[in-house]
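A.B. asks: Given these sequences and hints, build the entire structure.
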Amino acid sequence: MVNFLPKMAPRALDRVILWGVLVATFLSFVFLPAYMAFLRHRLERQLPEEWAKVTNNGSFTYVSPLIVSTTNHEEGIYANKLRQIALHGFPYDPYTGDRSLKSWFFDCLMFYPLSPFMLLTHGNVQIAWVLAHGIFGALWLLFFYIAFYYYTKDHRSSLVVATFFFFFIDVFLCVFYINLPRCLTPSFWARDLFLLIAYAFGPIQWLRLPSPGMTLLWTYASLAFCYALSVSATRRLWLSVFAGLSLGLLGLAHFYEWVFGVSNLVLFFAACLYFRIERHRAWNLGVASAVALVVSGAYYLTATHMTHSVVTDIVHRVGSVGRFFSFQSLIYLSIAGFFGWRFKRETGDLKWFWLFGCVQELGQFFLWNLQMILGYDMQFGHFYRMGGLTACLWFLCWMLENKKFRDWLRPRTTVILVALLAWVFTREKGWGDTHYKLFGTPRDVEAAAQWINQNVPEDSLLVLLSGALTEFLPLKVDRVRYAVTSGSPSYGSPVATEQNWRGIGSILKTLDVNVERFLEDRWRHYLDWDSRKQQVAYLTRNLGWEETQRAAWPVFIASLQPKNEPGTDQLVEQHAQQAQPLPRPFYFWLHRGEEIYLKTAPEKLGSVLVYENPSVKLYRFKAPGRTPPHL
Numbered sequence: 001m002v003n004f005l006p007k008m009a010p011r012a013l014d015r016v017i018l019w020g021v022l023v024a025t026f027l028s029f030v031f032l033p034a035y036m037a038f039l040r041h042r043l044e045r046q047l048p049e050e051w052a053k054v055t056n057n058g059s060f061t062y063v064s065p066l067i068v069s070t071t072n073h074e075e076g077i078y079a080n081k082l083r084q085i086a087l088h089g090f091p092y093d094p095y096t097g098d099r100s101l102k103s104w105f106f107d108c109l110m111f112y113p114l115s116p117f118m119l120l121t122h123g124n125v126q127i128a129w130v131l132a133h134g135i136f137g138a139l140w141l142l143f144f145y146i147a148f149y150y151y152t153k154d155h156r157s158s159l160v161v162a163t164f165f166f167f168f169i170d171v172f173l174c175v176f177y178i179n180l181p182r183c184l185t186p187s188f189w190a191r192d193l194f195l196l197i198a199y200a201f202g203p204i205q206w207l208r209l210p211s212p213g214m215t216l217l218w219t220y221a222s223l224a225f226c227y228a229l230s231v232s233a234t235r236r237l238w239l240s241v242f243a244g245l246s247l248g249l250l251g252l253a254h255f256y257e258w259v260f261g262v263s264n265l266v267l268f269f270a271a272c273l274y275f276r277i278e279r280h281r282a283w284n285l286g287v288a289s290a291v292a293l294v295v296s297g298a299y300y301l302t303a304t305h306m307t308h309s310v311v312t313d314i315v316h317r318v319g320s321v322g323r324f325f326s327f328q329s330l331i332y333l334s335i336a337g338f339f340g341w342r343f344k345r346e347t348g349d350l351k352w353f354w355l356f357g358c359v360q361e362l363g364q365f366f367l368w369n370l371q372m373i374l375g376y377d378m379q380f381g382h383f384y385r386m387g388g389l390t391a392c393l394w395f396l397c398w399m400l401e402n403k404k405f406r407d408w409l410r411p412r413t414t415v416i417l418v419a420l421l422a423w424v425f426t427r428e429k430g431w432g433d434t435h436y437k438l439f440g441t442p443r444d445v446e447a448a449a450q451w452i453n454q455n456v457p458e459d460s461l462l463v464l465l466s467g468a469l470t471e472f473l474p475l476k477v478d479r480v481r482y483a484v485t486s487g488s489p490s491y492g493s494p495v496a497t498e499q500n501w502r503g504i505g506s507i508l509k510t511l512d513v514n515v516e517r518f519l520e521d522r523w524r525h526y527l528d529w530d531s532r533k534q535q536v537a538y539l540t541r542n543l544g545w546e547e548t549q550r551a552a553w554p555v556f557i558a559s560l561q562p563k564n565e566p567g568t569d570q571l572v573e574q575h576a577q578q579a580q581p582l583p584r585p586f587y588f589w590l591h592r593g594e595e596i597y598l599k600t601a602p603e604k605l606g607s608v609l610v611y612e613n614p615s616v617k618l619y620r621f622k623a624p625g626r627t628p629p630h631l
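Its first residue numbered 1, the sequence shown is counted upward by one per residue in the numbering used here.
It should be emphasised that the hints constitute simulated quantities derived from the structure, not laboratory data.
Hints may be right or wrong, so weigh each one.
[Unchecked claim] Now the in silico label distances, taken between C-beta atoms and shown as ranges: (1) 302 x 434: 44 to 52 angstroms; (2) 293 x 200: 39 to 47 angstroms; (3) 570 x 44: 40 to 48 angstroms; (4) 398 x 10: 24 to 32 angstroms; (5) 302 x 47: 52 to 60 angstroms; (6) 302 x 349: 37 to 45 angstroms; (7) 455 x 88: 20 to 28 angstroms.
Ideal Cβ positions, reconstructed from N, Cα and C, are used throughout, including at glycine.
C.D. replies: Structural data, given as structure tokens:
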């Protein structure tokens with residue numbers, strides 16, 4: 001950064017403004033959690049009786065599966081693996097106790113880049129996540145600024161547009177994803193319009209870590225190196241190797257970014273050859289493509305060998321079988337046509353810039369319709385993020401071509417930036433005022449988790465009826481295994497969907513659960529609840545415990561309803577009838593209010609109560625023929 005800053009911001013004042021914006025961006029991400037922690041402490045101190053009524057009335061928590069906000073919930077599941085790095089050095093599966101290569105290898109680069117933040121905070125995953133958000137937020141804004149400055153050579157207008165784009169990136173991308181046909185459907189008004197408004201007035205969802213906030217920055221920075229190779233004046237062997245290696249290694253970070261990055265590099269190389277780019281530039285791109293393909297091939301062969309049944313399992317869990325065309329992808333085909341038209345009109349090195357944009361949009365169009373070739377879909381709609389980001393970047397560059405617009409922005413840079421940042425901090429404050437009660441852990445849950453850490457033997461099996469707690473407890477508990485994993489297993493997860501089904505069935509059978517009542521309260525209409533509970537949280541500033549539990553059982557499993565087979569409810573009932581009881585000994589966590597699902601009291605099933613607080617009871621189910629140790 002030190003090398004290129006003087007070139008991009010030649011005047012001292014411009015450098016001060018740039019650094020000021022980057023520091024303010026970092027602080028904007030630190031401000032929100034700090035402000036919410038302050039509000040929580042103030043309410044607890046001033047109105048303890050009111051504070052006791054808050055669901056998450058324990059310590060401040062920034063990332064947690066118990067937090068309703070989608071970003072913080074999913075980051076909490078990711079944070080479980082980051083915590084495994086702090087504990088064991090590897091991002092093991094935090095639910096099964098598995099320590100095999102397969103349980104951490106295939107998404108290890110998704111988590112290792114965040115591990116330095118854990119070292120800086122001595123293993124405090126909450127503070128580490130706050131710092132990581134701030135750093136990656138500043139890096140994203142800097143990346144946008146560099147891209148716009150490269151195109152315009154205008155420091156101030158590039159900084160203004162980059163700042164505006166970054167802080168409203170969710171709105172920009174939402175517009176490219178929600179096209180006109182969807183705006184005419186009832187689901188748009190019920191869900192997407194709500195999200196669009198939330199994107200404008202809430203924290204940046206784009207910066208969810210590690211994906212897409214870290215992995216997409218990695219992808220686009222690597223693609224930027226590839227573009228630099230296409231306009232280089234000489235052969236650049238080591239930069240070519242680095243660019244190809246960087247894109248190929250994305251396979252160990254995230255599937256969608258890996259496929260998008262490598263495919264676009266190869267397509268760009270082919271397009272440059274077709275349009276007769278200079279030989280040394282073609283050589284650079286050829287080396288990068290070869291390295292990326294070799295690394296990707298090695299990864300694919302290893303993954304196929306170690307997890308030969310995983311792809312089929314993932315298709316059934318999160319995708320669908322069939323060949324169908326995505327009409328939403330047509331927007332990217334039309335954008336590719338416009339970028340191709342600009343490529344034909346452009347001269348000099350910038351013509352390759354527009355060709356690169358055209359290739360990325362074409363790649364997005366084909367990737368979103370990959371099921372037409374493969375015959376199955378694995379949420380290929382995720383590629384819209386990359387197609388939308390490319391479209392936004394290139395369209396904003398096109399807008400910055402207008403010299404009158406840049407001349408208007410230049411003298412007003414400071415005022416506009418101050419106004420933008422003032423709005424950002426005001427937005428963060430307003431969101432914190434309405435959401436701070438959600439960002440914590442129930443104090444009774446924390447107390448029970450602490451007791452488990454101090455008293456339960458290592459690698460004991462812990463059984464719960466709560467999907468939310470199953471996802472959450474690895475953030476607090478170090479020593480136990482679970483019968484069911486999170487709903488977001490990695491590509492290389494050793495836990496198949498069928499194993500999760502058996503685990504759920506075994507829990508329900510072993511504990512003699514009233515399956516019908518359990519399904520009615522916790523499973524049915526889970527997709528409606530998933531959207532509704534977020535809106536309830538926005539409107540009420542709090543969310544009851546039972547509302548938090550709904551739609552919290554692994555959604556990928558709950559959505560498994562193959563054609564011509566029983567639906568979710570019937571599958572759960574079948575597994576509850578056919579499953580084998582859980583092997584003893586194990587511990588059972590019974591949360592307040594869950595007694596209504598038990599047809600038989602735990603004591604009558606051969607357990608002893610070993611811990612109790614106002615919200616949690618812990619039972620130990622003894623091994624057959626043995627007397628449980630006194631705890």
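A.B. asks: All the hints need checking, so say for each whether the structure fits it.
C.D. replies: Hint-by-hint comparison with the structure:
no.: 1; hint: 302 x 434: 44 to 52 angstroms; result: holds, 47 angstroms
no.: 2; hint: 293 x 200: 39 to 47 angstroms; result: holds, 41 angstroms
no.: 3; hint: 570 x 44: 40 to 48 angstroms; result: holds, 46 angstroms
no.: 4; hint: 398 x 10: 24 to 32 angstroms; result: holds, 25 angstroms
no.: 5; hint: 302 x 47: 52 to 60 angstroms; result: holds, 57 angstroms
no.: 6; hint: 302 x 349: 37 to 45 angstroms; result: holds, 38 angstroms
no.: 7; hint: 455 x 88: 20 to 28 angstroms; result: holds, 21 angstroms
This entry satisfies every hint, going by the numbered hints stated previously.
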